[in-house]
Structure formats: structure tokens, C-alpha cells
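Q: First to last, the sequence lines map onto chains W and D.
Just so we're aligned: 904 in my numbering is position 85 of the first sequence, and the numbers increase by one with no gaps anywhere.
Just so we're aligned: 451 in my numbering is position 18 of the second sequence, and the numbers increase by one with no gaps anywhere.
Derived by calculation from the structure, the hints in this document are not laboratory data.
Note that the structure is a prediction, hence the values are computed from the model and not measured.
Treat the hints with care, since some could be wrong.
Computed, partial: chain W to chain D, Cβ under 8 Å [what the hints assert, rightly or not]:
#1 Gly-847
#2 Asn-850
#3 Asp-875
#4 Gly-878
#5 Phe-884
#6 Val-908
#7 Leu-932
Calculated lysine to aspartate or glutamate pairs in the EDC-like style (CA-CA distance at most 20 Å, straight line) [what the hints assert, rightly or not]:
#8 W:Lys-863 with D:Glu-494
#9 W:Lys-860 with D:Glu-494
#10 W:Lys-873 with W:Asp-843
#11 W:Lys-860 with W:Asp-916
#12 D:Lys-436 with W:Glu-861
#13 D:Lys-436 with W:Asp-843
Ideal placement from N, C-alpha and C gives every residue a C-beta, glycine not left out.
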Amino acid sequence: EAGVTQFPSHSVIEKGQTVTLRCDPISGHDNLYWYRRVMGKEIKFLLHFVKESKQDESGMPNNRFLAERTGGTYSTLKVQPAELEDSGVYFCASSQDRNGARFFGPGTRLTVL
Amino acid sequence: AQKITQTQPGMFVQEKEAVTLDCTYDTSDQSYGLFWYKQPSSGEMIFLIYQGSYDEQNATEGRYSLNFQKARKSANLVISASQLGDSAMYFCAMRGPWNTDKLIFGTGTRLQVFP
Numbered sequence: 820e821a822g823v824t825q826f827p828s829h830s831v832i833e834k835g836q837t838v839t840l841r842c843d844p845i846s847g848h849d850n851l852y853w854y855r856r857v858m859g860k861e862i863k864f865l866l867h868f869v870k871e872s873k874q875d876e877s878g879m880p881n882n883r884f885l886a887e888r889t890g891g892t893y894s895t896l897k898v899q900p901a902e903l904e905d906s907g908v909y910f911c912a913s914s915q916d917r918n919g920a921r922f923f924g925p926g927t928r929l930t931v932l
Numbered sequence: 434a435q436k437i438t439q440t441q442p443g444m445f446v447q448e449k450e451a452v453t454l455d456c457t458y459d460t461s462d463q464s465y466g467l468f469w470y471k472q473p474s475s476g477e478m479i480f481l482i483y484q485g486s487y488d489e490q491n492a493t494e495g496r497y498s499l500n501f502q503k504a505r506k507s508a509n510l511v512i513s514a515s516q517l518g519d520s521a522m523y524f525c526a527m528r529g530p531w532n533t534d535k536l537i538f539g540t541g542t543r544l545q546v547f548p
């Protein structure tokens, strides 16, 4: 069974540009989460989808971040315009139910110059 | 507010020995879940073990076991018979308040296994 996949693995962009990160969850997992780890800080929750609906977006830092999950399959996280403080590793995770394991993808390392 | 505390920034253990990584948590919820993840140098987050707050027995998965002491609000990870490949960052996490599914992470412990 394929795990959670994320694309790209690395992205280097300039301040003010736009970047879109993609996450493909494990097939059949309705729950999809985005997290990020900024250098030297804890891993922080961004938002949670159940199928195509946003269940909890309390962790989204500001309106420069837009997440979508059309059709309840893959998800995208767009940062527009990117700022220096957006640099970090963005993880996606999926789970079958809330009580079970969250399986994480390999992450996308975003560097904003 | 919910919080996870990992007080050991780094730990060393000799191959084949057991090691305990500490994790304490703070929550006022009765229902919660505790997770441990391993992050090797390659960067991916690998799920290791899960303990539900109502589980009576400590969770075990192969060489990993979770020493769950509810009254003390601790959920330490025990790795038995350490291997060189166990060298990694280890994160303890708790499922958030009852009305959300987010995980709250600790700052992690870097484990180094030496021959």
C-alpha cells in the first residue's frame, strides 16, 4: 500500500512569489492534515480536512495560506505571496479515523529567499 | 491549554541496551490519544505507537512500548535492544481537544545509538 506522498520534496522561491504544495493521502483515508515545522520550533498543526470539507483550520497562520481538497482526494496548500517566515518543512498526514495513527508524508522543505 | 513536554533534548544509548524517552502531557480532557513518531535524518515522520487514554494496558509494537502513567500524565517511550538504525529524532504528540483532531507535538528528543 502506498504511503502519503508529497510534491515537491524541496522548493526554493523568492519572497513575494507563489508556491503550491501537493499531498496525496493514503487511499481511503478521509482525514487529511497539514502541519509545518519552522526551523528550531515545534511541529505545528495547520488544518484538517474530512473528505473535501475543512474540519479545522485554526492553525492557518494568515490569509496568505489557502488549502483545498477538491473531490476529497489529494490536497494542495498554496502560499501567496510567500514571506521569509514561511520557510520550513510542510508535512501532510492522513488517517482513517480520529483515534488512529496519522501517517505522515516525507514533507516539503520550503525555502523563501 | 494542552501541552506536551519532552525534557531530554538529546540521549545516548549503547547498541542492544534499552532506552526510555520521556514525555509528559497536560490536558483537562478525559479522552485523548498519545502518539510517538520517529524522524530519521532523511526527514520523514514514522509512526511508532499509539496509546488511548482509556486503554488499560500499555501499548506495545515490537521493540517499542509506551509506559503510560495516567495519574502522572506521562507517556514515556521505551525502546528495547537499541539498534544503530534507531538513531533519530523522536517526537511525542497528543491528540488535541475533544472537538479537534489536531496533534500537539513536543520539541523532540534526539537519540544517538553508539556501537
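Q: With the threshold set at 20 Å, check whether the alpha-carbon distance from Lys-436 of chain D to Glu-861 of chain W stays at or below it.
A: Holds, because 11 Å separates the two Cα atoms, which is no more than 20 Å.
Q: Using 8 Å as the Cβ threshold, decide whether Asp-875 of chain W counts as touching chain D.
A: holds (5 Å)
Q: Do the numbers back the hint for Val-908 of chain W, that is, is its least Cβ distance to chain D under 8 Å?
A: Cβ of Val-908 of chain W sits 7 Å from chain D, so the hint holds.
Q: Going by Cβ atoms only, is Gly-878 of chain W closer than 8 Å to chain D?
A: holds (7 Å)
Q: CA of Lys-860 of chain W to CA of Glu-494 of chain D, is that 20 Å or under?
A: violated (28 Å)
Q: Hey, does the Leu-932 of chain W contact hint survive, CB to chain D under 8 Å?
A: Cβ of Leu-932 of chain W sits 20 Å from chain D, so the hint is violated.
Q: Taking the closest Cβ pair, is Gly-847 of chain W under 8 Å from chain D?
A: violated (17 Å)
Q: When you check the alpha-carbon spacing of Lys-863 of chain W and Glu-494 of chain D, does it fall within 20 Å?
A: violated (26 Å)
Q: Hinted pair, alpha-carbon criterion (20 Å max): Lys-873 of chain W, Asp-843 of chain W. Please report holds or violated.
A: holds (16 Å)
Q: Does the interface hint hold: is Asn-850 of chain W within less than 8 Å of chain D, judged Cβ to Cβ?
A: With a minimum Cβ separation of about 7 Å from chain D (threshold 8 Å), the hint on Asn-850 of chain W holds.
Q: Hinted pair, alpha-carbon criterion (20 Å max): Lys-860 of chain W, Asp-916 of chain W. Please report holds or violated.
A: The given pair, whose Cα atoms are some 27 Å apart, is violated under the 20 Å limit.
Q: Quick check on Phe-884 of chain W please, does its C-beta sit within 8 Å of some C-beta on chain D?
A: violated (15 Å)
The structure fails hints 1, 5, 7, 8, 9, 11, 13 (numbered hints given earlier, in ascending order).
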